Amino acid sequence: MTYRGMTVEEIKIAGDKGTPISAYVARPSGPGPFPGVVLIHHLPAWSELYCEMTRKFAHHGYIAICANLYERVGQGNPDDIGAKVRAEGGVPDAQVIGDTEGAVKWMRAQPGHNGKVGVFGSCSGGRHAFLYACHKKDVDACVELWGGRVVMAKEELNAKTPTSPIELTKTLSCPLLGIFGNEDRAPSPEQVNQHEAELKKHGKAHEFYRYDGAGHGIFYYHRPMYRVEQALDGWNKVFAFFGKHLAR
Amino acid sequence: MCTSIVEIAPASGMAKREDEWFPLTHSVVAYDHARHALLYDAITIDFVNSGLPPGARAAVELTLESAKALAAALAKAIAEAEIEEDERAQGLERTRRAAPAPEAAALVAA
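Respectively, the protein sequence lines represent chains P and U.
When we follow our numbering, the leftmost residue of the first sequence carries the number 1, and every step to the right adds one.
When we follow our numbering, the leftmost residue of the second sequence carries the number 1, and every step to the right adds one.
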């Protein structure tokens with residue numbers, strides 16, 4: 001079922017350590033109850049693409065929220081914000097987890113919510129979605145799209161990213177959907193295989209799909225990396241997965 | 001960040017954004033997904049000031065080939081600049097040695 005009617009707004013939520021951060025919210029028209037999706041944006045920041053994807057989830061019957069994880073860096077063009085974050089060596093994983101927890105709590109407090117929450121992210125957001133589902137037990141399904149640096153070498157670890165996410169696989173708290181392109185280098189097919197092997201080792205429920213003829217950013221329709229056939233199939237898999245795990 | 005190919009170097013100088021020049025603190029070089037160039041990945045270079053708002057940024061996205069050409073041009077210009085700076089330093093040293101000592105000059109004048 002799709003919902004052409006929806007309300008969208010920009011709100012403030014309590015992020016990590018109670019810091020107020022902005023969030024983009026889309027809610028389908030009607031009484032619900034609706035499942036919820038928390039979107040975690042990628043390095044190109046709290047961008048138009050992520051606002052569009054937030055609305056896409058509402059169109060498909062989900063209350064959706066995407067928090068601005070880079071709020072503390074300042075205001076401005078998302079490109080510039082992303083560049084400033086990169087110049088600062090990224091944002092701390094712990095802060096992203098705290099901000100995302102704020103979005104999950106907001107979701108669970110909404111009237112018309114069905115009590116189920118999925119977390120969704122692409123690129124660095126895919127990594128953060130997996131990381132969140134390993135750290136917290138308050139989400140019911142996780143979608144990781146081409147998450148880079150889930151597998152990290154020791155020399156890549158630092159104060160902001162102290163743990164390679166793959167090391168936390170044993171604490172993954174919900175089913176995981178992974179979508180990857182076989183021509184990607186971050187993550188590479190070898191890293192995706194490592195990721196899946198670790199999931200199997202710990203008996204974690206997961207679905208991994210690897211597309212030939214595609215690399216990173218398969219869904220990004222405004223970039224040359226867009227792959228229409230794989231993107232359409234991938235979105236179908238996202239909605240089938242959330243439909244299965246977030247229904248009540 | 002999906003890429004781990006990020007190099008951050010301290011920078012001293014100025015960069016231009018629209019009609020405004022701003023002082024620099026860092027140059028950030030990465031190989032990552034292009035945001036504007038119609039490329040899959042690009043060498044991105046951001047000239048930024050960490051103490052100013054995010055808009056204080058001069059940025060380029062280059063193909064690998066363009067980046068190599070830029071690196072070669074930079075290396076050539078820097079090598080020539082260093083020769084020129086050496087010559088300038090040697091010239092200053094020669095001038096210093098050829099000039100009479102201040103005490104001697106003072107005696108002649110007296």
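One or more hints might be untrue.
As the list claims (entries may be wrong) - Below, simulated SDA-like cross-link-like pairs (lysine to any residue); rule was C-alpha separation at most 20 Å, straight line:
#, chain 1, residue 1, chain 2, residue 2
1, P, 237, P, 175
2, P, 160, U, 12
3, P, 160, U, 4
4, P, 170, P, 223
5, P, 56, P, 33
6, P, 154, U, 50
7, P, 154, U, 16
8, P, 160, U, 3
9, P, 170, P, 211
10, P, 170, U, 7
11, P, 237, P, 201
12, U, 16, P, 138
13, P, 154, U, 6
14, P, 136, P, 76
15, U, 16, P, 76
16, P, 160, U, 50
17, P, 12, P, 160
18, P, 170, U, 24
What the hints contain is simulated information worked out from the structure, not anything from laboratory work.
Just so it is clear, the structure is predicted and the values come from calculations on it, not from any experiment.
We went through each hint and held it up to the structure:
1. P:237 - P:175: 14 Å, holds
2. P:160 - U:12: Given pair residue 160 of chain P, residue 12 of chain U is violated - Cα atoms ~26 Å apart, limit 20 Å.
3. P:160 - U:4: 14 Å, holds
4. P:170 - P:223: Not OK: residue 170 of chain P and residue 223 of chain P at ~35 Å, beyond 20 Å, violated.
5. P:56 - P:33: Judged against 20 Å, a Cα distance of about 18 Å means the pair holds.
6. P:154 - U:50: 27 Å, violated
7. P:154 - U:16: 38 Å, violated
8. P:160 - U:3: Holds: residue 160 of chain P and residue 3 of chain U sit about 15 Å apart, inside 20 Å.
9. P:170 - P:211: 26 Å, violated
10. P:170 - U:7: Since the Cα atoms of residue 170 of chain P and residue 7 of chain U sit roughly 33 Å apart, the hinted pair is violated (cutoff 20 Å).
11. P:237 - P:201: Not satisfied, since the Cα-Cα distance of roughly 24 Å exceeds 20 Å.
12. U:16 - P:138: 47 Å, violated
13. P:154 - U:6: With a Cα-Cα distance of about 16 Å, the restraint between residue 154 of chain P and residue 6 of chain U holds, given a limit of 20 Å.
14. P:136 - P:76: Since the Cα atoms of residue 136 of chain P and residue 76 of chain P sit roughly 31 Å apart, the hinted pair is violated (cutoff 20 Å).
15. U:16 - P:76: 17 Å, holds
16. P:160 - U:50: 18 Å, holds
17. P:12 - P:160: Measuring from Cα to Cα gives roughly 25 Å; hence the hint is violated.
18. P:170 - U:24: It is violated: about 45 Å lies between the C-alpha atoms, which goes past 20 Å.
The structure is inconsistent with the numbered hints 2, 4, 6, 7, 9, 10, 11, 12, 14, 17, 18, although it conforms to all the rest.
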